[in-house]
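Participant: So you can see what is in the structure, the chains are spelled out below.
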Amino acid sequence: MTTAPEHSPTMARSSVADRLAPYAPLMLVPVLAIAGLIAVQNPASWLTLTVSGLAMGMMIFLMASGLTLVFGLMDVINFGHGAFVSVGAFIGISVLLTLGHLTNAPSLGLNLLAILAAVLAAMAATAVMGWAFERVIVKPVYGNHLSQILVTMGGLIIAEQLIIVLWGPEEIYFTRPEALKGALTFGDAAIEKYRLVTVGVGLAVFTAMRFVLRRTKIGLIVRAGVQNGEMVAALGYRLRLVFIGVFIAGSALAGLGGVMWGLYQEVITAHMGNQAMILIFIVVIIGGLGSVEGCFIGALLVGLLQNYVAFVEPKLALVSNIALMVAILMWRPMGMIPVVKAK
Amino acid sequence: DIKIAHVYGKTGPFEAYAKQSHDGLMLGLEYATGGTMEVNGEKVVVIEKDTQLKPENGKALLEEAYGDDEVDLAIGPVSSGVALAMLPVAEEYEKLLIVEPAVADSITGSNWNRYIFRTSRNSSQDAVASAIALAGDNVHIATLAQDYAFGRDGIAAFREALAAQGHEIVHEEFAPTDTTDFTAAGERIFNAMKDLEGEKKLFIIWAGGGNPWAKINAMDPGRFGIEFAGVGNILAALKGFKDFAGMEGGTYYYYELPDNPVNDWLVKTHFERFDSPPDFFTAGGMAAGIAAVEAIRKAGSTDTEALITAMEGMEWETPKGTMQFRAEDHQALQPMYHFKLRVEDDVEWAIPELVRELSIDDLPIPVRN
Amino acid sequence: MSDLPHTETIGDPILRIEGIYTNIAQYHILQGVDLNVPRGGVTMLLGRNGVGKTTTLRSVIGHWRAHRGRILFDGDDITRIPTANIARSGLGFVPEDMGIFADLTVEENMVLAAVSGPIDPARLDWIFQAFPPLKTFWTSEAGNLSGGQKQMLSIARAMIEERKLYLIDEPTKGLAPAIISTMARALKDLKDQGASILMVEQNFAVAKALGDTANVMDDGRVIWSGEMAELAGDPTLQEQLMGLSMEAK
Amino acid sequence: MIRPLLSGDLPRSRVLALLLVVILICLAFAPFLFPGVRTVDTAARICIFIVLVASYDLLLGYGGIVSFAHTMFFGMGAYGVALTSTHMGRGFDALAIGSISGAALAAVLALLIGLFSLRVRAIFFAMITLAVASAVAVLVSQLSGLTGGEDGLTFKTPRELGPAFKFGKETFDGTLFGIKLNGKLLTYYLIFGGSALLFLALLRVVNSPFGRVLQAIRENDFRAEAIGYRVVYYRVTATCLSAAIAALSGSLYAIWLRYVGPDTTLSMTIMIDILLMVVIGGMGTIYGAVIGATLFVLAQNYLQNLMGVLSGMTEGLPLLPELLSPDRWLLWLGVLFILSVYFFPSGVVGRLRGQR
Amino acid sequence: MTAPLLTTDDLTVRFGGHVAVDAVTCAFHAGELTAIVGPNGAGKTTYFNLISGQIPASAGRVMLNGQDISAASVSARTKAGIGRAFQMTNLFPDLTVLENVRLVVQAKARRGFNLWSVVTGHTDLMDQAEEILARVRLLDERNQIVSELSHGNQRKLEVALLIALDPLIYMFDEPTAGMSVDEAPVVLDLIADLKAQTDRTVLLVEHKMDVIRTLADRIIVLHNGALAADGAPAEVMASDIVQEAYMGRGLEGVLDHV
Ligand SMILES: Nc1ncnc2c1ncn2[C@@H]1O[C@H](COP(=O)(O)OP(=O)(O)OP(=O)(O)O)[C@@H](O)[C@H]1O
Ligand SMILES: Nc1ncnc2c1ncn2[C@@H]1O[C@H](COP(=O)(O)OP(=O)(O)OP(=O)(O)O)[C@@H](O)[C@H]1O
Ligand SMILES: [Mg+2]
Ligand SMILES: [Mg+2]
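Chains A, B, C, D and E supply the protein sequences, listed in that same order.
For what it's worth, this note's numbering labels the leading residue of the first sequence as 70, then goes sequentially.
For what it's worth, this note's numbering labels the leading residue of the second sequence as -2, then goes sequentially.
For what it's worth, this note's numbering labels the leading residue of the third sequence as -12, then goes sequentially.
For what it's worth, this note's numbering labels the leading residue of the fourth sequence as 251, then goes sequentially.
For what it's worth, this note's numbering labels the leading residue of the fifth sequence as 19, then goes sequentially.
Hints are supplied without guarantee of correctness; some may be wrong.
No more than 27 Å apart at the CA atoms, straight line, and that leaves these computed lysine-lysine pairs for DSSO-like [to be verified]:
(1) C:K151 - C:K175
(2) A:K250 - B:K191
(3) E:K226 - C:K122
(4) A:K262 - B:K0
(5) C:K151 - A:K286
(6) A:K262 - B:K191
(7) C:K175 - E:K213
(8) D:K430 - B:K0
(9) A:K250 - B:K337
(10) B:K239 - A:K250
(11) C:K122 - A:K286
A few chain A residues facing chain C, derived, Cβ under 7 Å [as the list claims (entries may be wrong)]:
(12) K208
(13) L272
(14) A293
(15) Q296
(16) N297
(17) E299
(18) M300
(19) A302
(20) A303
(21) G305
(22) Y306
(23) V311
Hints were generated in silico from the structure; no laboratory data involved.
All C-beta atoms in this analysis are idealised placements derived from N, C-alpha and C, irrespective of residue type, glycine included.
I would like the entire structure built from these sequences, with the hints used as guidance.
Facilitator: Printed below as a string of structure tokens:
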């Protein structure tokens, strides 16, 4: 068999900077933490702030992870995401409230069991809801951002209203399972027990998502599908199914995030999810659309920065997230770890 | 007929308050008219209007009420922002607006005009009541509030009230209105208080979500001997306070606190009709309803000027006992309650127990218009 | 000239298009296309710009739907089944616009193309021999490839796994002569593996060299079909079918 | 005569033309056709939002630029009038100065934001505008001394624009077709006239060569640059223009309400509403703004009443009254959003003009 | 010999480590048609991108009429007289064929920033646009939406836009790729006419030998980004580099006919 003529494009060694670039975002977290220590000075406070900041980051990540899939990969601007968070919270918490005997027992095991049950219920519910959402609301508007905003807003409102119909308009206050109340203290530093749980869950979800997206073609199919669905089909993939699947996964994750968030807030309202949306969008954007890693790092940064700033100069806390976003976008207009070229 | 417009945010985040307020109003009218719904032989008709919590709507709807529906007086709204937008309309149409339950001081303060009466408490009253409840020698008080006009005014009023009794705040913390993570605020407060001797109290004024009590409590302020204090709250919120047994402060209402026939009737009827106890805004709404009826009776007509003269200084009975419209700024002076939280397993919420009732005379509420 | 060995067209055609009519929006594009692709043969689809060649291929893969007529692939009617299933039943497709996933790397493009599992290294080497740049730029973004390299990638994607039939729309546009000949080789290898090819081509020389049978279209119909050699040998026929004789230019 | 007025951009659909004429007539004679404070108020809002939405469509529909700062500019106009009126005292000079300075400031701010961020990707601009907008919102609530914070500002407009001011006493003793001739009427026609002018101006801009270039840039900015259009300049100009017009409509709103507040002019909800109105009406056609704004504002104001009636009729049926109760109006608004996309994927105008 | 219209000095660009265009120094004179050949990925399109400014050069200069335009923006270069047609068809897909051309004419006439006149008033622009469509035989499709054109016709429109721009430097990137045997000549004739205009210069990237033979006055060869040969068609075509790297010597096959 004949071969083509020799083909040898000139290759110069790429500079050190080029080769380090990919790891820069990872470094930001420790860098920020150290900067925090310098600013905060008092180490006990610093420890408290840092741990709780990281935990807060994890919770934000949990809520945002679903959106990286749906907004990042599938390029669907889903204003309804917040609704899934709320619904997740309501279902989860309702389940929790029925499991009084498990939650009031001062045993960590039983409490976690109860939470697990709540989470599963919430994820199941939001998954189903996600499926319906995709079929009825999102399907007609793939590729059309503005219609997406319109319909998902509609979906959001409907979901919120239904929550009000079913659970009534009052905020629902409750208290966390016994073993998760209060904090562990080291000297003057206090680390809330519940936040440790969220760290665990956050890490678990993060690794799981990474694994799935790296080991399977799903991520590729979705990204390719957004660019050129016809071609993906012509290669032999049932794009619809993949999209539905991913959307459902995203919704279920939102549900999970909702439960964790609700448990943190210890009060749930129909609007709680939507109120978190701006933050969630920010995290997804600075992370780089579609990147789980980026979203994760972004969430941690937001969590930490909020705490440090609020401690050092509360007034600035009002704008810290926004400032962070602007700074990062100026550094990398595509976000920290861009996976999809946002249009 | 006597037409009364109830202009309030039926839908939106305050839906729950709105419902209470309206139920209360209707109960008030019913009670005051002895169930006949008639005053001076005229039927009382209530027209509901939903502001959707939008100030511009509040304005338009009130104009509609005065202009098109030609109501004799209007009552509402829930949110202060809406209320402030509505005030000038009353002046323009020279008709009465009884503000209930919006709380901003400026409604009966800088933005007040003579057509405005308010039956609900203003935020100073909360603050002052709490100040009186909490103050004491060798008590150190820090405050946490939202970083905007409402929060800052509240703390200011609280500060003055404390000062009036020769005490001061050791640390004032303000956090953004949408704060969700209170670790930083908590740390700052702890650092400010941990080395102090004696009783330490953290006084929190917080409207809407965020739930700072639970979050700071999770940081175990007990290790520095810091206790919580705050203004009272609605039943729904009290459910979140079951971990706060012993928390003290001044509150506006809790159905077991007042002891008077009006309240007895309200509690009884409310259980009958909605089989739940009445709450903050039910009581408030009722007070407003009764006030309207009493005023019309006293004035003998619905002529605005007559009503104003009748109402200035008027005293009337409410679920919170006797209230009185102060002539200067038409703010209803009213008793408040110094409470301490008790927890019982079979009650869903933490129960505010009466420490003592703070009568009108105990409460030096500044005139600010 | 056609010294390339002609595989005899054995048995019934692998693809049989029976009088399909395809509309796009309000336009009637295809008006009764009849066309057969013999097994193990290379069939050329020729014709002026805008006569419906691409539309025909797209109708086969199911991107446009024929509202009349039938398309039989390997005996079964695929006129109405979903594109993905058509593809999985053994069709490889090289679209006119190459359909590159610009945001994905060359590697990712190929990984996706290998539908039924991981890439077979041997076959990949064979592809690399035909299209060396793909190896060089294996890890770079496909969107940054040169025009020709994109074309190579598009063809390579279709070839990465065995297919019964390849639909190839103007593969040589933008390819340098050297690559055209290696591609021609690769296509012949495919043929020798027993695959069949339906190919749209504007470059008549390539068509002449590769084609066994030919079909010429004009506004929405196949107006001539027969042996490629016959068409190649007859300038006047070309003249009347495609407006201009090759030899003239 | 009409053609030049509409800059040669005719509705191109009988139904659409009819709708537009009806809307025009209703707005032009609102005070007489539907006397009543509330209805006239609704009409005025429709006028104002038509302009606001149209100005946003210039950006989004024609320029393909997504901005979340449009309410900010809207607010700048509104606060401009409010501040001048409070500090300079009531008077037309205050209104004029307020409006103009508001518009000017808006344009300048837009210029800065644009030059800073329009060179980069679209989403970057979107996010920056989001950032700036929320920062400004924070600022407004912080500077409560100046802006009245969350509570906003209530102010007085010239006496001639107040209900107290009556005119036309001698000619037709103060009423026309049974409508009192007072300042409120004047204000309405001030709003109506102003809106009409701004609208026609926008119509002209989008049909100018400039407008066409914007479309081209939306389609393919890369190629637009390659045929010699400096894309950034066009985008920035469009941004400033729409910002200024948004500000002016804000001024009109303030004049009408005699009140400004964050929730009324700056809130994210209004931003979303604008988006929805654009999409419902149909992007890339200024007429879409008319339809979108009208439908949306009407829905916001009267859906509740309608449902009141419905729930009344469904009395007794299970669940339905609960769902139809006026308090659930938002639920049905949501449903409307979704249906509107089902039936008008390219907006009402797009549909009427027979696109997919 | 007259001063060159366009020159590139040491023009270089690196993508990461990859040197796509490697210190290319070359001059182009008025009235001359230069064919640029080279294997796929040799850097031809990138070379064009550097000249027209789509990609900033890592090193080197671009001179137009003796002025350094290396720093100028794309649009500025276009206004200065550098025009190009793209290899990957690159049009305004949802606008009509006519509007596509009209936009170019409008740009040429510098009327873009006219905010207050109604577009349909500029009839002269319309007429010019139609005249150009007639020249590329697209007049009948003038009101079609571009995305609905067949590939070949889109290629023709691509060329039409460049003709409409009427620049000093014409850069064609495989203009006839995907054009049928009866359409290609139309475009090729247009290009031939351009040669006649003595104050213009034409750069043409093509893979079709016959086209190059008939049109080119001069051929330059790019290989792995570097300038590998430059001269009269006959000798360049005969050179080893072209035969091996480009035509692929030793590959018997279809080439001789291409
Ligand atoms: N999306 C579309 N919408 C409307 N008409 C279309 C569309 N795509 C193609 N057409 C029309 O269908 C006809 C056939 O197009 P097609 O692309 O099949 O031609 P072709 O034979 O492939 O031409 P070429 O050789 O230029 O690729 C053309 O007249 C074209 O205008
Ligand atoms: N933006 C870019 N980023 C990275 N590499 C690039 C980029 N643009 C081009 N290249 C690389 O530079 C080389 C030259 O590309 P170019 O498009 O100039 O080739 P070409 O000579 O036009 O080839 P063809 O004849 O196939 O069009 C290719 O190997 C391509 O992969
Ligand atoms: Mg084709
Ligand atoms: Mg090229």
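Participant: Determine for every hint whether it applies to the structure shown.
Facilitator: Cross-check of the supplied hints:
1. Taking the CA atoms of K151 of chain C and K175 of chain C, the gap is near 14 Å; set against the 27 Å cutoff, the hint holds.
2. Simply put, K250 of chain A and K191 of chain B have alpha-carbon atoms about 22 Å apart, close enough for the 27 Å limit, and the pair holds.
3. The suggested pairing of K226 of chain E with K122 of chain C holds, with an alpha-carbon distance near 25 Å, which does not exceed 27 Å.
4. Straight-line distance between C-alpha atoms of K262 of chain A and K0 of chain B comes to about 57 Å, which puts the hinted pair past the 27 Å bound.
5. Between K151 of chain C and K286 of chain A, the direct Cα distance comes to roughly 24 Å. Compliance with the 27 Å bound is thereby established for this hinted pair.
6. Between K262 of chain A and K191 of chain B the CA atoms are separated by roughly 22 Å; this keeps the pair inside 27 Å, and the hint holds.
7. Proposed proximity of K175 of chain C and K213 of chain E is contradicted: the alpha carbons are some 41 Å apart, above 27 Å.
8. For the given pair, K430 of chain D sits about 24 Å from K0 of chain B by alpha-carbon distance, which is consistent with the 27 Å threshold.
9. Distance hint between K250 of chain A and K337 of chain B is fulfilled; the C-alpha atoms sit about 22 Å from each other, no more than 27 Å.
10. Our distance criterion of 27 Å between C-alpha atoms is met by K239 of chain B and K250 of chain A, whose separation comes to about 12 Å.
11. Restraint check for K122 of chain C and K286 of chain A: the C-alpha separation of about 21 Å stays at or below 27 Å, so the hint holds.
12. Checking K208 of chain A against chain C by beta carbon gives a least distance of about 16 Å; that is not within 7 Å, so the hint is violated.
13. Interface hint status for L272 of chain A: violated, as the beta-carbon distance to the closest one in chain C is roughly 27 Å, over 7 Å.
14. The restraint placing A293 of chain A at the interface with chain C holds, with a minimum CB-CB distance near 4 Å, inside the 7 Å limit.
15. Annotation: interface hint on Q296 of chain A holds; nearest CB of chain C at approximately 5 Å, less than 7 Å.
16. Hint status for N297 of chain A: holds, given a least beta-carbon distance of 5 Å to chain C, under 7 Å.
17. About 5 Å separates the beta-carbon of E299 of chain A from the nearest beta-carbon of chain C, less than 7 Å, and the hint is met.
18. Hint on M300 of chain A holds. Least Cβ distance to chain C is approximately 4 Å, under the 7 Å limit.
19. The interface hint given for A302 of chain A is met, as the beta carbon of that residue sits about 4 Å from the closest beta carbon of chain C, less than 7 Å.
20. Interface hint status for A303 of chain A: upheld, as the beta-carbon distance to the closest one in chain C is roughly 4 Å, under 7 Å.
21. At about 4 Å, the closest approach between the beta carbon of G305 of chain A and any beta carbon in chain C falls short of 7 Å, and the interface hint on this residue holds.
22. For Y306 of chain A, the shortest C-beta to C-beta distance to chain C is roughly 6 Å, which falls under 7 Å, so the interface hint holds.
23. Restraint check, V311 of chain A versus chain C: the minimum CB separation of about 10 Å is more than 7 Å; hint violated.
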